[in-house]
Amino acid sequence: MRRFLRSVLRLCGKEAHSLHRDVVMLALIAYAFTYAVYSAATDENFDVEQAAVAVVDDDRSALSRRLIAALQEPMFRPPVLIEAGQVDRAMDLGRYVFVIEIPPRFEADLTAGRQTALQINVDATAMSQAGNGAAFLQEIIGREIREALGAAVPQLPVDPVVRLLYNPNTTAEWFTSVMEIINMTTMLSVILGGAAVIRERDHGTIEHLLVMPVTPAEIMLSKILANGLVIVAAALSSLIVIAGWLLGAPLAGSLWLFAAGAFIYQLSVMALGVLLATFAGSMQQFGLLSIPVLVSMSLLSGARTPLESSPDWLQTLMFAVPSSHFTSFAQAVLYRSADLSQVWMKLAAMAATGAIFFFIALRRFRTSMTVSG
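Taking the working numbering, the leading residue of the sequence shown gets 1, the next gets one more, and so forth.
Because the hints were derived from the structure by calculation, they are not lab data. Positions of the beta carbon are idealized from the N, C-alpha and C atoms, including for glycine. Wrong hints could be hidden among the right ones.
[Stated by the list, open to error] For each label pair, taking beta carbons as the anchor points, the in silico distance ranges come out as:
1. G131 - F4: 38 to 44 angstroms
2. T316 - A69: 49 to 55 angstroms
3. R146 - Q72: 16 to 22 angstroms
4. D58 - T316: 51 to 57 angstroms
5. K14 - P250: 39 to 45 angstroms
Using the sequences provided together with the hints, build the complete structure.
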């Protein structure tokens, strides 16, 4: 056992030195955990901002003017008054995201208690903005009507009180930045794990390893440990500096617990990278093999959209993929301040999938080394 640990530590030093000389890979790590995270958090905005609104005011009452005045920046641009005959062409040309049509005698009918309707036309090309914006418009219009007419409008018997936990201002940057760090951790772990194997093959050093008194398990484990520590350190630095300091995301949980979970996660995804590298004959082939795997792991992990929104069969399938467990683990620890007693099952799931991937990758790696020798 002592000889095994000494061999792994020596090989870790060799792997760290090899990565230190790979300027392109170091530049990719720096870019992925700094500018890529910051730009994704600030530019990838699904909130409603500066949405173009037009209003067809056939009522021309005090209430209709109040409704128009309630549509304010930064959520909406200043409303533009148009005629009813211009609505279809304006929507076809994409000039406005929302067109509100206020019918004649709208205020009079509401005051008299008669049934009336107000129409909101929505350009649903941008689905997120359209859906959120339509909900905001309904809320604004309902609030202004209740405040303007008071007792003339019947009130609901229940007054819902909504409390927003963990992100009270619903700041998208706080969520997007952390999830982008999770995605970058997955991507670079697969890339570094596979690149470490292909680098040995391209440089011709695989023959040197074969004549050394080391086993394939020691070689593979050293590659995972050395590169995994680099990724975990980069992810922690990005969380503290980019997400926490620059973007102001409140990191409520223990960073040490997150680091431990991220390191366990490395066993899975880096072993997956090594496994893909054993099927690839060159770095180009490895890149082509990695793309569909990384895209699937990113889109279906729960970092982009809730996993609960997926079909039941897909949710069951994703339980075998470590990225879904790591995303859920990171959200619980960093957002909801979960402790070990609450996330140990996620850690166990990552460790189990990691052991399976490691065993399969080790068999393929041992076979590929024998063939190379």
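Here is what the structure says about each hint:
1. G131 - F4: 38 to 44 angstroms: Once the Cβ atoms are compared, 56 angstroms apart, the range 38 to 44 angstroms for F4 and G131 is violated.
2. T316 - A69: 49 to 55 angstroms: With Cβ atoms ~51 angstroms apart, the hint holds.
3. R146 - Q72: 16 to 22 angstroms: 18 angstroms, holds
4. D58 - T316: 51 to 57 angstroms: With Cβ atoms ~53 angstroms apart, the hint holds.
5. K14 - P250: 39 to 45 angstroms: Roughly 40 angstroms apart at Cβ, these two residues keep to the hinted range, so it holds.
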